[in-house]
Structure formats: C-alpha cells, structure tokens
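> Sequence:
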Amino acid sequence: MPLSPFRPQPDPAAAAWFAGAMGQVLLDSEADCVGAALQQRPGQAALWLGPAAAPLPEAADGPLPLRLNLDGAAFHGDLRCGLPLPLASESCAVVIVQHGDASGCDQDQLLAECARVLLPGGWLWLLALNPLSPYRLRWWGQGLHAREPVTWRKRLRAAGLSPDSLTQGIGPVWEIAADARLQDGVGLRAAFLLRAEKRRLPMTPLRKPRPLALQAGTTA
76 MPLSPFRPQP
86 DPAAAAWFAG
96 AMGQVLLDSE
106 ADCVGAALQQ
116 RPGQAALWLG
126 PAAAPLPEAA
136 DGPLPLRLNL
146 DGAAFHGDLR
156 CGLPLPLASE
166 SCAVVIVQHG
176 DASGCDQDQL
186 LAECARVLLP
196 GGWLWLLALN
206 PLSPYRLRWW
216 GQGLHAREPV
226 TWRKRLRAAG
236 LSPDSLTQGI
246 GPVWEIAADA
256 RLQDGVGLRA
266 AFLLRAEKRR
276 LPMTPLRKPR
286 PLALQAGTTA
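Add 75 to the 1-based position in the sequence shown for the numbering used here, that's all there is to it.
It is worth saying that the hints were derived from the structure and are not from the lab. Keep in mind that a hint or two might mislead.
As the list claims (entries may be wrong) - Derived lysine to aspartate or glutamate pairs resembling DMTMM-like cross-links, with alpha carbons at most 25 Å apart:
1) K229 to E272
2) K229 to D153
3) K229 to E250
4) K229 to E165
5) K229 to D183
6) K229 to D181
7) K229 to D239
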C-alpha cells in the first residue's frame, strides 16, 4: 500500500510533555484501559492512535494492533501517513484514540476516518484530557487541548457513532502518581474514557402487499 506523501509538522511541546514524568504518569494510568480495549475483540484487527510514549500493555495477547503515533498533524509508527488514513473501510473491530486532541489533526476528520475503518458493531475507545481537572495546570502551556465530554459526544455522533451514556474518569487528580482506577463520571480526574459504537444498519422491513381491490362482479 503506497504511503501518503504528507510531511509531518510535529508539536515538540506536546510530545515532550507525554514523554516527561507528568505525562508518562497519565499514560501509565491508561495502560490497563488500552489493554482492555485490545482484548475486546480477540483475533480481530485493531488500530491504536496515541502518543509514542504510551506503553504497550503487558497483558496484550494475540496479534499486535496497528499502532500510529501522533506527531503534529501526521502519524508515525507502523505507518507514516496523514489523513485520510491509508486503511480499507470497515477493516478494524476496535479503534483506540488516545489523546488525539494533542495532535495537530482536524479532530472531526480524524473521528470520521476512525468511523470509516471501523467494522459495523465495532467500538471506538476515546481517551481525552479533562479540562476541569486540577492536573490541567501540569499541562498548561504545553500545546495540549482539552474538551469536555459533551463536545466529544457531539463529534462522535457527527462521525456516525453512538457514544455510551457513561463517561469514566481515569488518572490522577493532582499527585504525579499513576491511578488506573476507572470511576463513573469524569470528576476531577486528569482524563476520561468515552466509548462509542458503530451501529449496524437496521434492515428495512418489507412492506406487506396491499390486497387487490376487486370490482363488483369480478371473481378472484
């Protein structure tokens, strides 16, 4: 498959923050969550978009996902490309978007591409920064952007996906220490998990044929 000639425009500040102590703690907090996503559809293809510093979950069994590292408005890793992704439509059962808002990509286009490559019945796992967390002071001025869950829900729906009703908080509140526990509701946690499904298209019910109207004196 030919690679896109897209030239990357990296954001050194964002990449450096995730590679540093404060960002690495958050990525470590999310490692189990990423592992759970990769185990959701064993044996089926998965796509993982996220920072290069994110650790591969230790419990990951089966084939490794196609991993693309966010680098400004481009991706490195198993492929070097930009948007649109050089992947076939409906080719992945699971897509993980880990801090896609830290990239220079157009987020609506990114989610639309993720929806395109998802199989019907497949799931997108979105991990994003929480703009209401005290931990935001630790990424302040580092080229990172955070949006509330309601904004992401609108974007996911616009991409044709059906988001879960529950958003779960993850990561530390303020301390620079990993916290992998998921809580119901975002709260003040540094990040949150929001999942969305690509629903199967419902089959159009067949209309019942209308009975023939017979004229008077006509036999059937």
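> Could you run down the list of hints and mark each one as holding or not?
Each hint tested on the structure:
no. : hint         : verdict
1   : K229 to E272 : 14 Å, holds
2   : K229 to D153 : 30 Å, violated
3   : K229 to E250 : 31 Å, violated
4   : K229 to E165 : 22 Å, holds
5   : K229 to D183 : 10 Å, holds
6   : K229 to D181 : 15 Å, holds
7   : K229 to D239 : 12 Å, holds
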